[in-house]
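**Student:** So for the sequence shown, the working numbering puts the first residue at 466; every next one is plus one.
The hints are simulated quantities; they were obtained by calculation from the structure and are not laboratory data.
The structure presented is a predicted model; accordingly, all values stated were derived computationally and were not measured.
Treat the hints with caution; some may be incorrect.
Said to hold, decoys possible - Listed below are the simulated DSBU-like cross-link pairs for lysine-lysine, each with C-alpha atoms no more than 35 angstroms apart in a straight line:
1. Lys654 / Lys558
2. Lys622 / Lys634
3. Lys595 / Lys654
4. Lys553 / Lys514
5. Lys634 / Lys595
What the hints assert, rightly or not - So the derived label-pair ranges between C-beta atoms look like this:
6. Leu633 / Ala575: 25 to 33 angstroms
7. Trp556 / Leu502: 41 to 49 angstroms
8. Lys622 / Arg511: 38 to 46 angstroms
9. Arg511 / Ala551: 39 to 47 angstroms
10. Leu533 / Pro574: 40 to 48 angstroms
Note that CB positions come from ideal geometry on N, CA and C, so glycine has one too.
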Amino acid sequence: MSLVSQKAAVSQFPTQIVTLLSRHPRAIVVASLTALLFPWTIRSFREYKALGRGGAPNFCVGWILATLAKPFGRETTSTEEYERDADKETWLKAGDGAQEVPPRGRPRPATSWHFLPHRQVDQFPGDEVKAMLVQEFRSLVDANPDLVELQLSPHEKFSDAVVIHSSLKAPHRVAEAALREIVHYHNFKDFSMHVLLSPQDCKLGRLMLCLHPAH
Numbered sequence: 466m467s468l469v470s471q472k473a474a475v476s477q478f479p480t481q482i483v484t485l486l487s488r489h490p491r492a493i494v495v496a497s498l499t500a501l502l503f504p505w506t507i508r509s510f511r512e513y514k515a516l517g518r519g520g521a522p523n524f525c526v527g528w529i530l531a532t533l534a535k536p537f538g539r540e541t542t543s544t545e546e547y548e549r550d551a552d553k554e555t556w557l558k559a560g561d562g563a564q565e566v567p568p569r570g571r572p573r574p575a576t577s578w579h580f581l582p583h584r585q586v587d588q589f590p591g592d593e594v595k596a597m598l599v600q601e602f603r604s605l606v607d608a609n610p611d612l613v614e615l616q617l618s619p620h621e622k623f624s625d626a627v628v629i630h631s632s633l634k635a636p637h638r639v640a641e642a643a644l645r646e647i648v649h650y651h652n653f654k655d656f657s658m659h660v661l662l663s664p665q666d667c668k669l670g671r672l673m674l675c676l677h678p679a680h
């Protein structure tokens, strides 16, 4: 191709682009969005897989569900809704005693962008702490055999949970909605816990906990 022909081709390039856009606008938009979103999609899926097992499937379907649920998540630090709640019952007390909730000694752990499953992504405990947590669960059940029992979590489907004893009637609608579960821990990686608390105890729990985005 001669130099003149090359210059002519270059000068016609903008016109060709405009023509292509006018003929195939949808294809151009889809291609552009794909190019922009593909790196984010790969990164997001890898982060989701790294969270491990949970209530949602740990593959493409689960990632899609967790991503679609993201806009419906709530913030996790405000206690305004608990201030307005008519239920004022409480069982927890702040303090340093054996039966009290101490203040948190460090910043809250970072949590995953996806909240299904809801996991922390740093401040992982060592093996000794993990073993202590498992033993505490067993001790709690052993000390209250007529009230609670240890079962597979109805929410997580793979980890242990303390639930209301099957011989007892659920004491209120919240317990029924929670499938009678009181607390479970995540034994795959972070060993964090999800605990069902009264509205007023959630205010106290917020001092050291992170509220679940789905509730």
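**Student:** Hint by hint, say whether it matches the structure.
**Tutor:** Do the hints match the structure? See the list:
no.	hint	in the structure
1	Lys654 / Lys558	holds (30 angstroms)
2	Lys622 / Lys634	holds (22 angstroms)
3	Lys595 / Lys654	holds (10 angstroms)
4	Lys553 / Lys514	violated (40 angstroms)
5	Lys634 / Lys595	holds (32 angstroms)
6	Leu633 / Ala575: 25 to 33 angstroms	violated (38 angstroms)
7	Trp556 / Leu502: 41 to 49 angstroms	holds (47 angstroms)
8	Lys622 / Arg511: 38 to 46 angstroms	violated (22 angstroms)
9	Arg511 / Ala551: 39 to 47 angstroms	holds (44 angstroms)
10	Leu533 / Pro574: 40 to 48 angstroms	violated (25 angstroms)
Checked against the numbered hints given earlier, the structure breaks hints 4, 6, 8 and 10 and satisfies all the rest.
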